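From first to last, the protein sequence lines stand for chains X and S. Position 127 of the first sequence, counting from 1, maps to 127 under the numbering used here, and the rest follow consecutively. Residues are numbered in the numbering used here as their position in the second sequence, beginning at 1, plus a constant of 1000.
Keep in mind the hints are simulated off the structure, nothing from the lab. All values reported here derive from a predicted model rather than from experimental measurement. A few of these clues could be false.
Far from chain S by the CB rule (all over 10 Å, computed), these chain X residues [what the hints assert, rightly or not]:
id	residue
1	10
2	13
3	31
4	40
5	44
6	54
7	101
8	165
9	263
10	326
11	339
12	340
Within a straight-line C-alpha distance of at most 30 Å, the following computed BS3-like cross-link-like pairs (lysine-lysine) qualify [stated by the list, open to error]:
id	chain 1	residue 1	chain 2	residue 2
13	S	1434	X	71
14	X	71	X	207
15	S	1278	S	1336
16	X	71	X	59
17	S	1336	S	1267
18	S	1434	S	1278
19	X	6	S	1014
20	S	1206	S	1336
21	S	1453	S	1278
22	S	1336	S	1272
23	X	161	X	59
24	X	147	S	1434
25	X	6	S	1453
26	X	161	S	1278
27	S	1109	S	1206
28	X	207	X	162
29	S	1453	S	1434
30	X	15	S	1014
31	X	78	X	59
32	X	6	S	1434
33	S	1331	S	1267
One-sided and incomplete, this derived list gives chain S residues near chain X with beta-carbon spacing under 7 Å [to be verified]:
id	residue
34	1448
35	1511
36	1549
37	1551
38	1564
Just so you know, even glycine gets a beta-carbon here, dropped at the ideal spot from N, CA and C.
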Amino acid sequence: MAQTGKPSVRHPSLKVNKLGLTQRDYEGSMSTLCAGCGHDSITASLVQAFFELEIEPHKVAKLSGIGCSSKTPAYFLKEAHGFNSVHGRMPSIATGANAANRGMTYIGVSGDGDSLSIGLGQLCHAIRRNVDMLYIIENNGVYGLTKGQFSASADVGTKAKKGEENRMGPIDPVALALSLGASFVGKGFSGDKQQLVPLIKAGLSHKGFALLDVISPCVTFNDHQGSTKSYQYTRDHVQEVVETDFVPVLHEITAEQASGDVTSVAMHDGSVVKFRPVAEGYDPTDRDGAYSHIATRQAAGEVATGLLYIEKGSQDVHSFENTVEESLVDLDFEELCPGNQILQELQKQWR
Amino acid sequence: MKPTDVSRPEYYHKVVDCQWGCPAHTPVPEYIRLIAQGRFTESYMLNRESNVFPGILGRTCDRPCEPACRRVRVEDEPVAICRLKRVAADLRGDVGHLLPSPPTEKNGKKIALIGAGPASLTVANDLMPLGYECEIFEQLSRSGGLMRTNIPAFRLPAEVLDEEIDMILDMGVQVHYDHPIDSLQSLLDQDRFDAVFVGTGAPKGKELNIPGREEGDANIHIGIEWLESVHFDHIKEIGEKVLIIGVGNTAMDCCRTSKRIGGVDVKVVARKGRPYFKASAWELEDAEEEQVEILENHSPSRFVLENGSLVGMEFELVEWEADENGRLVSKVLDSKIVPCDDVILAIGQDNAFPWIERDIGIDFNDWEMPVVDKTTFQTTRDGVFVGGDAAWGPENIIWAVEHGHQAAISIDNYCQGQSLVNRPAYGMNLVSQKMGLHSWSYGSEYDASQRAKMNHVDLVERFKALEVEVELGFDAEQTAIEVERCLNCDIQTSFSAPLCIECDACIDVCPVYCLTITDNGSEEEMRDRLTAPAENTDQDLYISEELPQTARIMVKDEDLCVHCGLCAERCPTAAWDMAKFDLLIPYAGKPTWTESAEAASTISS
Ligand SMILES: Cc1cc2nc3c(=O)[nH]c(=O)nc-3n(C[C@H](O)[C@H](O)[C@H](O)COP(=O)(O)OP(=O)(O)OC[C@H]3O[C@@H](n4cnc5c(N)ncnc54)[C@H](O)[C@@H]3O)c2cc1C
Ligand SMILES: Cc1ncc(C[n+]2csc(CCOP(=O)(O)OP(=O)(O)O)c2C)c(N)n1
Ligand code: SF4
Ligand code: SF4
Ligand code: SF4
Ligand SMILES: [Mg+2]
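Model the full structure from these sequences, guided by the hints.
What follows is the structure, encoded as structure tokens:
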């Protein structure tokens, strides 16, 4: 008989985090994606990252658009809040939710189709506003849900399942984000959790918009020979340019960890992200340097991965809009809606 | 580590913990599935092939399979394997036409079997269908050995014994009742037999030689002799206050029997504390349910007599501590007299072979035990074999059965002039259970139900007669739940490395974190860095060939796999498959391949 859900049975020596939860408590319902889909591995990495960061599931909002990738919020953190928006509109929903309640952790999951075609304008503005969220693009080079048409991230020369080649140049979300002034840009591969989990943790702890572009092979429509987004091709072309380690709050930084060519960046919550460049001279805090390095790699046919760029002292939309410290949802009605008299006075300023 | 060789039957056999733990290698999950399908007769016959006495064992087996059951590691309680066996036996249809039948033309070989216990009966069961003529010599007037004379009828009804023993005897076994063999020499001298099997058990109860033993003899009984006397109606009653010395299986049957023939205040007295008791937890539970009191840390020092008759026993109250070598030593704290009318000694059994001459080529060791080869069951005299409790001391029925199977193979080889040392090999079949994209031929869902509790006849009713069977057996509802608790450990996860694209789907979906794709290393070091640390070193790691894309390996920790099939369901390339493992067990005269063909035809008929 086929299983309708993952059975409740657990490893008896499963670890619990400080909230008393096990990693299994961070799962969602059973995936309905194709067996072997890269998106499922990203889901598993999210489960692990949220568990290890000891985040309370009910203080998380999961947001997505339309696509196989956008279905995945159903498969992790079953106790979190969620909003499955129309195609490409997730960034504005996230921006609104974050404006109303800045106390939550926001995770947006989107696809290359959802983000780079119909939702491209939305994505640009979320980057520009530096909305405090982790935005994951599960990038498979196709519209998986609608049966494998090339998406805007498809490389020139990549072949569709039936053999036709893509001729249009791709939009690279990493280059796009860097040029739009994104404060955190990372690239990963669903098949490498060792790299992906720390990237997710760093992105979740980043104050501002963290963009993670994750190559996530579509087993059904884009995992054949000739595809540049297959498991095999990605494994053959991935080049880690910087190793990332995430050190949670309260974790003592030992001499060994701080030594050598390791750079540490303190996050606003007290945690630390550390880098060790794999590519000689790579500096993830140098936007221009990062941009040109990645462009060179791309020209050489390589896929540069790791935490590619991070802005020290990033300021999110709440800081530069100077909004109240508290979440709007926590304000009393009187404070939130101070009445006609105050409104009149406010409007007087602009007369 | 080297890739695992799954072509050896041992690897997958070990994954089926219950079958691995069963001395006779009964295919437990397969018979449980047959029960689940309502195919009780098939389930019974499958059982019978390996354990010969499903009805008897379904009530009395020592069940080494249950502590071995995977379910114990996943939660606390094993599948009620033993009691499900009884369900198959209770609900089966007529099996007469399915039983092996002896050929009318005999092979001309005659075998003498001494003792009519389960060991000898199994030898006869295996040899009769091959054309051997078996003669059993039994000193008592009934068959079954200790199963009949010592296991009380309230645990094992006579009809169940009769029915299953008759299946064997009715193949034409000649039984000489009331025929003790008091000289092996003279039996051998008759020259009537081509081989002799000694299945005489361990018939001597241990003595307790402390002051007052002789004087109190009239009210001091040896457990196994006493149970036998009760069985033959030679003893019909016992005093009100009874002390049972010892806390093993025999003690449990003695105390519960006492309760039924006059004992009111019945105490079982142990020298050590509960963790060291030899009786199984369920036996203790059953005795305590019948208001038997259990005294711990009481070391007997003397029998107390007044006017020449027994009135009590004195005990030292002791405390146990481990010395520097880890051996337990006792410290006496106090002493105490416990009043009683009768004492039953149940402190163990010994073998005794006064009837085997020491100069007929059979070597005896320092403990007066015949030297028996562990593989062939042959003594140092060709053609004389030993099995069951007679071989290496008291065990249990299922071991006696397994000894019987092995001895039968040896006797057959011996009589056919073949080597005894070259044992027929175990074989295996492995068949995919895939029925469709996401469907399997077995119930793969994990059922979280708790173990079903056996219902008992109420206390008043059960004490009315010695023969009232206490356990009622599982009802239909309990059975339906219990069968689903089995994790189908014989449905193996079978891996094909060349197909794997390293998508991680199987690793992500496994509910108990069995799987890891990683770089190869030494076992010790790898056990530490798997998805979940593999701490149970009794359980194997499966190691694949190198994976095509990254040359890493797939590692599976067999420890906690619940055989849910999700890895195979989520695998895009069918690199994982769920395949049914069938252990092909060799029996006398049947190499494994004919065995399997025959098993298949029994099941489908
Ligand atoms: C009280 C008690 C309870 C037990 N309960 C269980 C239980 O619940 N489950 C379990 O698995 N096991 C139980 N056992 C153990 C089990 O009964 C034995 O391990 C098993 O019966 C051994 O089988 P066997 O064929 O080797 O010998 P036995 O069953 O001992 O049979 C030997 C036979 O040989 C006969 N014999 C002996 N000497 C001669 C001779 N010289 N000539 C002719 N005949 C001879 C004996 O009369 C007897 O019939 C129990 C044992 C006892 C004492
Ligand atoms: C407004 C609108 N236009 C078009 C569609 C059809 N549509 C559904 S999913 C999808 C593309 C999804 O691609 P991607 O975001 O890459 O997700 P994937 O399935 O590849 O993970 C499209 C075009 C739609 N649902 N809504
Ligand atoms: S779960 Fe079933 S197959 Fe597995 S060990 Fe227990 S009884 Fe045997
Ligand atoms: S069958 Fe597969 S998924 Fe299920 S527990 Fe075993 S290894 Fe894990
Ligand atoms: S699901 Fe299949 S293809 Fe994917 S990693 Fe597991 S075995 Fe390999
Ligand atoms: Mg896509």
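Taking the hints in turn, this is what the structure says about them:
Against chain S, the non-interface label of residue 10(X) is violated: not every CB pair exceeds 10 Å, the least being about 7 Å. Its beta-carbon lying about 7 Å from the closest one in chain S, residue 13(X) breaks the requirement of being farther than 10 Å from that chain. Not every C-beta of chain S lies more than 10 Å from that of residue 31(X), the closest at about 8 Å, which undercuts listing it as non-interface. Non-interface call for residue 40(X) relative to chain S: violated, since the shortest CB-CB distance, roughly 6 Å, does not exceed 10 Å.
For residue 44(X), the shortest C-beta to C-beta distance to chain S comes to about 4 Å, within the 10 Å cut-off, and the non-interface label is violated. For residue 54(X), the shortest C-beta to C-beta distance to chain S comes to about 19 Å, beyond the 10 Å cut-off, and the non-interface label holds. Here residue 101(X) stays apart from chain S, with its beta-carbon at least about 31 Å from theirs, past the 10 Å limit. No Cβ of chain S comes within 10 Å of the Cβ of residue 165(X); the nearest lies about 23 Å off, and the non-interface call holds.
Distance check on residue 263(X): its Cβ is at least 27 Å (rounded) from any Cβ of chain S, clearing the 10 Å threshold; non-interface status holds. Residue 326(X), annotated as away from the interface, keeps every beta carbon of chain S farther than 10 Å; the closest lies near 39 Å. Its beta-carbon lying about 54 Å from the closest one in chain S, residue 339(X) satisfies the requirement of being farther than 10 Å from that chain. At the 10 Å boundary, the C-beta of residue 340(X) stays outside the reach of chain S, the nearest C-beta of that chain being 56 Å off.
Simply put, residue 1434(S) and residue 71(X) have alpha-carbon atoms about 28 Å apart, close enough for the 30 Å limit, and the pair holds. Straight-line distance between C-alpha atoms of residue 71(X) and residue 207(X) comes to about 26 Å, which keeps the hinted pair within the 30 Å bound. With a CA separation close to 24 Å, the supplied pair residue 1278(S) and residue 1336(S) stays within the 30 Å bound. The hinted pair formed by residue 71(X) and residue 59(X) meets the criterion: a straight-line CA distance of about 20 Å does not exceed 30 Å.
Restraint check: the Cα-Cα separation between residue 1336(S) and residue 1267(S) comes to about 14 Å, which is no more than 30 Å; the hinted pair holds. A threshold of 30 Å between alpha carbons decides the hint, and for residue 1434(S) with residue 1278(S) the separation of about 45 Å lies outside it, so the pair is violated. The suggested pairing of residue 6(X) with residue 1014(S) holds, with an alpha-carbon distance near 26 Å, which does not exceed 30 Å. Annotation: proposed proximity of residue 1206(S) to residue 1336(S) holds, straight-line Cα distance about 24 Å (limit 30 Å).
About 23 Å separates the Cα atoms of residue 1453(S) and residue 1278(S), which keeps this hinted pair within 30 Å; it holds. Restraint check: the Cα-Cα separation between residue 1336(S) and residue 1272(S) comes to about 16 Å, which is no more than 30 Å; the hinted pair holds. As the CA atoms of residue 161(X) and residue 59(X) are separated by approximately 41 Å, the hinted pair breaks the 30 Å bound. For the suggested pair residue 147(X) and residue 1434(S), the alpha carbons sit about 27 Å apart, so the restraint of at most 30 Å is met.
Between residue 6(X) and residue 1453(S), the direct Cα distance comes to roughly 28 Å. Compliance with the 30 Å bound is thereby established for this hinted pair. For the hint pairing residue 161(X) with residue 1278(S), the CA-to-CA distance comes to about 67 Å; that exceeds 30 Å, so the pair is violated. The straight-line distance between the Cα atoms of residue 1109(S) and residue 1206(S) is roughly 38 Å, outside the 30 Å bound, and the hint therefore fails. Note on residue 207(X) and residue 162(X): the hinted pairing is violated, with a Cα-Cα distance of about 44 Å set against a maximum of 30 Å.
At roughly 34 Å between alpha-carbon atoms, residue 1453(S) and residue 1434(S) are farther apart than 30 Å, so this suggested pair is violated. With a CA separation close to 28 Å, the supplied pair residue 15(X) and residue 1014(S) stays within the 30 Å bound. At roughly 12 Å between alpha-carbon atoms, residue 78(X) and residue 59(X) fall within 30 Å of each other, so this suggested pair holds. The straight-line distance between the Cα atoms of residue 6(X) and residue 1434(S) is roughly 19 Å, inside the 30 Å bound, and the hint therefore holds.
Simply put, residue 1331(S) and residue 1267(S) have alpha-carbon atoms about 23 Å apart, close enough for the 30 Å limit, and the pair holds. The criterion of a C-beta within 7 Å of any C-beta in chain X is met by residue 1448(S), whose closest approach is roughly 6 Å, and the hint holds. The interface hint given for residue 1511(S) holds, since its Cβ lies 5 Å from the closest Cβ of chain X, which is under the 7 Å cut-off. At about 5 Å, the closest approach between the beta carbon of residue 1549(S) and any beta carbon in chain X falls short of 7 Å, and the interface hint on this residue holds.
Interface hint status for residue 1551(S): violated, as the beta-carbon distance to the closest one in chain X is roughly 11 Å, over 7 Å. Satisfaction of the interface hint for residue 1564(S) is found here, the shortest Cβ-Cβ separation to chain X being roughly 6 Å, below the 7 Å cut-off.
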